[in-house]
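**Student:** With the sequences and hints as input, model every part of the structure.
Each chain, written out:
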Amino acid sequence: GNSVTQMEGPVTLSEEAFLTINCTYTATGYPSLFWYVQYPGEGLQLLLKATKADDKGSNKGFEATYRKETTSFHLEKGSVQVSDSAVYFCALPGSGGSNYKLTFGKGTLLTVNP
Amino acid sequence: EPEVTQTPSHQVTQMGQEVILRCVPISNHLYFYWYRQILGQKVEFLVSFYNNEISEKSEIFDDQFSVERPDGSNFTLKIRSTKLEDSAMYFCASNDRDRGSTEAFFGQGTRLTVV
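From first to last, the protein sequence lines stand for chains U and B. If you read the first sequence in our numbering, its first letter stands for residue 1, the second for the next number, and so on. If you read the second sequence in our numbering, its first letter stands for residue 1, the second for the next number, and so on.
The hints are simulated quantities; they were obtained by calculation from the structure and are not laboratory data. Errors might be hidden in some of the hints.
[As the list claims (entries may be wrong)] Within a straight-line C-alpha distance of at most 25 Å, the following computed BS3-like cross-link-like pairs (lysine-lysine) qualify:
id	chain 1	residue 1	chain 2	residue 2
1	U	106	U	60
2	U	68	U	56
3	B	78	U	52
4	U	56	U	106
5	B	83	U	60
6	B	42	U	106
7	B	57	U	106
**Tutor:** Quick look at the structure:
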């Protein structure tokens with residue numbers, strides 16, 4: 001079935017540093033790809049998504065490009081803020097009859113220091 | 001903005017007790033899900049539900065688990081006899097598959113602690 005491999009953390013950065021969190025996927029076909037974020041003490045929120053190859057999802061200064069050549073969907077932000085401290089999850093739908101359940105990566109804890 | 005709501009936010013229960021976790025999905029969604037996240041681990045799919053029946057379940061979702069849509073708004077997860085290893089954050093989610101969207105909307109979660 002479909003799966004994701006996500007860069008494991010934790011990642012610690014200073015404010016205004018550049019962020020990359022790597023995510024690669026294995027999938028049948030070209031499913032939508034997602035990044036979810038979990039802020040401390042909160043639930044999962046969709047951060048951004050891309051629905052087809054070469055799409056770029058973006059939100060709150062974060063970007064990720066769906067690259068089928070490298071089967072990747074890396075999350076990037078040019079200048080992180082303290083408020084970006086959270087756990088980030090790469091996700092994609094299952095395959096076959098599991099088209100709509102999501103499979104998540106292990107999550108990457110990001111801590112941004114002032 | 002519509003959202004998925006879950007209650008309670010935190011539940012502490014003794015091993016062997018039954019617990020019911022409650023969720024109110026987004027009102028026009030028809031597909032509902034439960035996931036869990038054991039502390040420090042990844043989010044895992046438990047079950048999906050549509051048209052008043054389970055459409056898919058994982059190997060985690062054994063006979064101790066059940067789901068129900070008791071009325072037009074609530075969606076519940078019941079654990080009949082809790083074990084220590086059931087301690088986790090449980091997330092409810094819903095989506096609008098009929099429009100071709102695979103995006104899931106998650107609730108804030110219920111932290112279940114079994115002692």
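**Student:** Now look at each hint and say whether the structure bears it out.
**Tutor:** Comparing the hints with the structure gives:
no.: 1; hint: 106/U x 60/U; verdict: 22 Å, holds
no.: 2; hint: 68/U x 56/U; verdict: 12 Å, holds
no.: 3; hint: 78/B x 52/U; verdict: 37 Å, violated
no.: 4; hint: 56/U x 106/U; verdict: 22 Å, holds
no.: 5; hint: 83/B x 60/U; verdict: 40 Å, violated
no.: 6; hint: 42/B x 106/U; verdict: 4 Å, holds
no.: 7; hint: 57/B x 106/U; verdict: 20 Å, holds
Consistency with the previously given hints fails for numbers 3, 5, ordered from lowest to highest.
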